[in-house]
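Using the hints provided, position chain B relative to the given structure of chain A.
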Amino acid sequence: MSFLEVKDLNISYPTRKETIVASKNVEFSLERGEILGIVGESGSGKSTIANAIINLIDPPGEITDGSIKIDNIELRSNEEIIQNIRGKKIGFVFQDPQTSLNPLFKIKDQLIETIQAHLNLSYQDSLTKSIQLLKEVGIENAEKRIEDYPHQFSGGMRQRVVIALAISCEPDLIIADEPTTALDVSIQYQILELLKDLTKKRNLGVIIITHDMGVIAETTDKVIVMRYGHIVEQGETKELLTNPKSTEAKSLVISVPPTNKKIDRFKLISPDGKEITSNSTNLTKNIIKTWGVRENKNQKLLELKDVTKIFDDQSLGSIFPFSSRNKIDDQIVRAVDNVSFDLIEGETLGLVGESGSGKSTIAKIITGLVNPNNGYIKYNNESLYNSNNKYQIHKSRGQIQMIFQDPYSSLNPRFKVRDIISEPIKFFQKNINNNELSENIHDLIDIVGMTRQSLDRYPHEFSGGQRQRISIARALATRPRLLICDEPTSALDVSIQAQILNLLKDIQDELHLTMLFISHDLPVIRQMCNRIVVLKNGLVCESNETESLFNTPQHDYTKQLINLMPKIESLI
Amino acid sequence: MLLKTYNKIYDTDIGYSFFNSKLAVISSTIFFVILFCSVFAGIVAPYNPFDPASVSLMDAFTPPVWSEGGSFSFILGTDQQGRDMFSTMIYGSRISLIVGFASIIFAMILGVFLGITSGYIGGRYEIIVMRLTDVQLTIPSILMALLVDGIARAIISQSMHDEMAIYVLIFAIGISEWPQFARVSRASTLVEKNKEYVSASRIIGLSNILIMFKHILPNILRPILVIATIGLALAIITESTLSFLGVGVPPTTPSLGTLIRFGNNFLFSGEWWITFFPAIFLIVLALSINLLGDWMRDALNPKLKKR
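Chain order of the listed sequences is A and B. Take the working numbering: the last position of the first sequence gets the number 694, and nothing is skipped along the way. Take the working numbering: the last position of the second sequence gets the number 407, and nothing is skipped along the way.
Keep in mind that the hints were calculated from the coordinates and are not lab data. This structure is a prediction, so every number in the text was calculated from the model and none was measured. Each hint should be verified, as a subset may be incorrect.
Claimed, not checked - Only some residues are given here: those of chain B computed to face chain A with a beta carbon under 10 Å:
(1) T105
(2) K295
(3) K314
Just so you know, even glycine gets a beta-carbon here, dropped at the ideal spot from N, CA and C.
Next comes chain A alone, as it looks inside the complex (with noise of 0.2 Å):
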């Protein structure tokens, strides 16, 4: 008999339209002190499965079939114990820890009231407990901190006391749904250590649900590979990751970025199962003609040079907003500082650092978003910046161009996407005629592999990566020469984010663009990049050939970087 067995689970959530079927015959088991991983891309039915081991599916959502039981005790739909099992014999650690943990509440509060309600303890007692789980989850100085509010306390550090409320009652079950997607690798690192930890010291069974198949490949002892609310695979993770069967895992193993070596193209798998190397079509030979044949010609296109954004808290400083302002340095933020990199035609410079570290802000500065306070910005030979730091509309004006982290907000919903894409024709070539016009639209529309339909409907009827393609159709429709990619597959789908780095160096290829690519990701990094700038707190750590870097990392800092970041080639 298994700690866990979940048989036959049937869910589903009837709407106006349709009913969505978001988990359908699922059947799996877990033992305790093993950790079991669930992966599928989004909406593919992982935190509904969570959500309904502890009974918190919305309605109209709800089970039509099946059993969940623990220790052989059946949970379903069984109000009075579900409420006895929740939080005592299962704990929950939800993904973004910002919102899980109650703001106006200290700490304290928040761990002794859940402690009161499931053991039978004294507010002393309890309080005693609180600061050793506070202690077990690796909080210095527990005694003190017990004391304050979460936002207190940094994202990992939440995470931390997440993690403490939820082995607070000695669970035997614990549930993280996506826990690391919101912190940075190094944090990310820690939180995953402290699971492993815990779950043997205690003997736990621990359900992990994320989208990242290195920090499955890292943690988990089983897998269960989810598709469209089925379990397409399920097995030993090694097994599983080596030598996948289903096609659906076999595209989501193949897609993530290899960590050790440099690839050419991500491989995808096509629905029949096959591999294919590349989509690389012939479809930008259009574009080519009328924009004309570039050449790169080696030498600098954009250059930083002691380029400083310094925050300070503005808004909060007075309450009279025309009196004169003290500027304390308490309140100053340096969020890029001294920053100098140049761009050569026709590369790939990759940014990397983590949330903090001022790389979106070099981003904003670099597009005219944001003002620098500091130092200047050359565009071919040419001040981006007057004396006053003042964006300047220079000549080039348009060649700078840039694609976005949300594909969810960066396109106008109430625009149809032949408006987003012309839009941006129109402001530059004020008199062209609309053949020229739709022509063009036409030729930006096939080479992001979209159909041409697709020109007649609204951002919210396409997909994340559909729209991640939109928004690359844009940036190019002013015929940019430099193109800044902020994060472009971090909301996306591992599969999904192989297509769209491929598209990007399809296109970084054929049309001579240089690129400036953002990112958290050291992976992802390492496979897009020629050479990379590694940030820290605004300030430039290492700057280096992609491959020297990541085989001889000179800085403290970048040598952690990639020790830490989770690698899927751990077990292969």
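The following block gives chain B in isolation, referenced to the frame of chain A:
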């Protein structure tokens, strides 16, 4: 054909929500019947109360048809000048609605313009505009309207004033309603301007005017539409209040508020219908608009959306 369009509308989320809300269907039916009547007052109303030839003092104070002494030619009775109450109310509601719509559109244009620009541009301009709305909100709208009317009377001569009365009224109500629009559109603009599609437009190089009114405006229309609907009811009530106080439209072209004021004089001498029917009419009109606004607020709010 009609059925086809019905099915098409029913298929959309908003249409589904509409047809499944009894309140929305009933209140919108009432509102559109009133709107129809007042737009086509010349056809719907049995008399033209503004035409002196059709009014006879002999018919004054005729009670409604079901009371003693009532007549079928005047279903809801007549007022002190012998005007048919039913016709007067329809013509009166026309003026009420014109003032209501016009003033709310005026307030909307002013408020939304100031709101979007202050939200988008920020800085001192934003601070000045928002403090202005704060000041405006401390003055009760009736007081503001009375103030505007008083100033208008001082500037414009009496004979001109009767002609200008309706414009003064529209301006007065509009000027007291705009802060709502400014606040809501500023708040929505602050959310929208940080979205990446706005950054993308800025990188392309589009002008601020284009970004504000072509890109941001369509995305913040929903909350504006909701407060416009609720504001419409408020504007109609404000108009009636002003007319009741005697500073609204002149008695020769009575609005609902003017009718209530006339009737008020006869309330205790037994001619209750002169004030009662316009008052009920006003309540029904304002209530139907308010309920429609309530439904709209729920239906357009993605957070309250039912699956």
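Checklist entry - Any of the earlier hints contradicted here, and which numbers? => result Of the numbered hints, just 1 does not hold.
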